[in-house]
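> Spelled out from the first residue to the last, the chains are:
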Amino acid sequence: MTKTINEKINDLKTGVDWFYSDDFDLSKAAEKFETLTSLAKEIQQDLDNLKNDIKVIEEDFSK
Amino acid sequence: MEEQQVYSVSDFQAVCNQIMETAFTGVIVEGEVASFKLNQGKYVFFDLKDEQSSVGCFMMSFALRFPIEDGMRVRVRAVPKLTNWGKFSLTIQAIAPVGEGSIKKSLEMLKKKLTAEGLFDPAKKRPLPDNITKIGVISSTQAAGYADFCKILNERWGGLEVLTAHTQVQGMTAADQIIRALKYFNERGEVDVIAVIRGGGSADDLAVFNDEALVRAIAASRIPVITGIGHEVDESLCDLAADVVASTPSNAAQMLTRDRREIKSNITADVERINNLLNVKIIELTAVIRSEITRLVDGYFGKIAVIYNEVSNNWKILEQLNPEKVLERGYAIIRGDVAVGAQIEIMTKKQEIEANVTNIKERK
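Chains A and B, in that order, give the protein sequences.
Numbering (our numbering) for the first sequence: 18 to 80.
Numbering (our numbering) for the second sequence: 9 to 372.
Fair warning: there could be bad hints in the mix.
Per the computed footprint, the stretches of chain A lying under chain B, defined by three or more beta-carbons under 8 Å from a beta-carbon of chain B, are [to be verified]:
1. 21-27
2. 31-45
3. 56-69
Taking beta-carbon pairs under 10 Å as the criterion, some of the chain A residues facing chain B (in silico) [to be verified]:
4. Lys-49
5. Phe-50
6. Val-73
7. Phe-78
8. Ser-79
9. Lys-80
Just so you know, the hints here were simulated from the structure itself, not pulled from any lab data.
Please read all numbers here as calculations on a predicted model, not as lab measurements.
For glycine and all other residues, C-beta sits at the position ideal for the given N, C-alpha and C.
So here's chain B without its partners, still in its complex pose (with noise of 0.2 Å):
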């Protein structure tokens, strides 16, 4: 018989637990949990277990970022572990919700506890800011929900500079990698907004933006946050935690840009506007010019006409007052002293007479 290896008991339970580690480099298993406890506010237990199976599974608080309860379905990220007492578990990583079912109870609870915190407070909410020069983008690159909204970025604005932060935007490892690139942004303070994009998917797809850490560190960004994540009829947590929310990726977009296409019909409108306002300006003063010469015109014939009556009248007064006139009608006119004996002159409208005066009566 060939000579084997004797393990202590301490040794054996190291290499088995190596093995495992090596074997099932962070495996994934999907169950029901069983037995939830939280010990001392730090220490998760509970089992993990289908029809015929059930394991133990051990974790900490912290890493726990969806509330469970028994009868819940997970997907959790573990290291399989032999303990020192000899009893197989799994040392969780990272844990999810699955099912429609589960992940709207999980939401739900969330749901309550952060609101009672106040992270959704609208009054805590930031408008966009004004003039963006500069956005930073948290998505998957590959994403069609990406690429909408790059398409209408550029479709409706120009001169933007716009960071994008590649990140995976579902499984166990998106919403620590999304955190991670928030804190990037903060950090550097260089983008006036950050928009946080991925397009539709099922329940499980989007339930990373449930994440309480991730929804924790929307609310928490210095840098305005917009989400557009999923279709409109989606609400993530993270979508109640951000400034400004978008119903889709293409929305999201829209509400960071203004349009060219609006901006230069705007420009035709009121350079037509403008124009059209100038020409009816110009017809109003031109008319106004009109009425003044009219009435300068009227003015001045007026005045004429007043003056040539006058002149006329006067002219007849004055015709009227000709001594010829008075000799056309019979009259004669009498020069000389009278006194008898005395020689005067007598005009008529065809003679001048002398004559000797002879007598003088007075009327009676």
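Just chain A, with the same shape it has in the complex (with noise of 0.2 Å):
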């Protein structure tokens, strides 16, 4: 299932929180670069693409 983008940013901050953590561990901090660094990509380009869908309602509210 696709992740929203608020998923797709706290996933993100998770990962970035992981380098700051005492699970910090160099033999695996390459990899999660590599993720952390196309999951960023990801996200601005997710943003870029976001449109707002702005609909008037039908109702008439005059009556």
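Assemble the dimeric complex from its two separately framed chains, guided by the hints.
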């Protein structure tokens, strides 16, 4: 299932936090960094492509 | 003489009313209030006058959306009527104060009343929901304020579903239209938040947002309401009743959305930060490894030096103990029995000598 942009942003945040946590492991860091860089690019593309859907309700509120 | 139609008094009064209703469908009249009174808490009577004329007015108290008192200038939408007693009056459908002084006075009276009821209690305010995906907007789609709202919304964020209820945002019917739109959103419960939007205008233009019924409808909304009405200096009773107040329509759009440019910039900074962090960690680890190698090398050669010294010392001792060294110093080695007549062997540095023992004496 495709993740929402907010979920992706949360994933990125968790990934960045890992680098500052006690779980940090240099042997895994390069791979993690690659993954996060790809995710960051994906989010930036998503952000550029997001469009709002603005609809005017047909209901007549004057009556 | 032509035969003319003869009316009964009641018929004549009915025909007059019919003609007036047709001629003046919801006529708008402006004037000053005089002799205001409320009977039985339900019926409102007052005169509407100017310098030359005066007309009696009647209305039900529920239609009184702003506090009114003598001396106030008001605008009414009314139907003219000839009463059963032959008195001409206006049956008021809607009324609103006009002119800065009247609007201000009416506003103060209503604010005092609603504050006392707790409608503006800060403890009742709800924050905007997190992760807003669906917004209900109440505004005039032709208004500049609405265009500003949509522009900022689209610039800042995307993926939102925005349902706009097009209503009037000024004039005597605007309040009821906005109330219907609030009811529409609340009945369906589809949106996360309702934004009431209207750009700047005169005090008269914005007076609708001090309508008592509208203020109550905003306070009663089950869905959180944000208002973005007028300019920064304008404050309406709807603002006081709303959960969140934005200073302008653009500001409302800002408060409802995150800024995609800011997020993109933060993401770039995050990636750069962990890249730098990774480099620092690698540099730190390299330094640790170098230090360990140096320690290892120093330890290895240190140990070798100690062993070398020990061997060297032992070698010197061994050399001193070598019999050849003793012979070099002029001494001789004698082998054989120490007895008179015994044959012995004498070894010097250069010779090996055989000899007989002829005498033995003890040393003194």
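> Each hint should be assessed against the structure and marked as holding or not.
Against the structure, the hints come out as follows:
Given as covered by chain B, the region 21-27 of chain A passes the check, having 3 residues with a CB less than 8 Å from a CB of that chain where 3 are the minimum. Judged by the Cβ-Cβ criterion of 8 Å, the region 31-45 of chain A is covered by chain B as claimed, because 5 of its residues qualify and three suffice. Given a C-beta distance limit of less than 8 Å, the hint that chain B covers the region 56-69 of chain A holds, as 9 residues qualify and 3 suffice. For A/Lys-49, the shortest C-beta to C-beta distance to chain B is roughly 9 Å, which falls under 10 Å, so the interface hint holds.
Given the 10 Å rule on beta carbons, the hint for A/Phe-50 holds: about 6 Å separates it from the nearest Cβ of chain B. Taken as an interface hint, A/Val-73 checks out: its beta carbon lies about 5 Å from the nearest beta carbon of chain B, inside 10 Å. With a cut of 10 Å, the hint placing A/Phe-78 at the interface with chain B holds, because the nearest CB-to-CB distance is about 4 Å. Look at A/Ser-79: its Cβ gets to within about 6 Å of chain B, closer than 10 Å, so that hint holds up.
The interface hint given for A/Lys-80 is met, as the beta carbon of that residue sits about 8 Å from the closest beta carbon of chain B, less than 10 Å.
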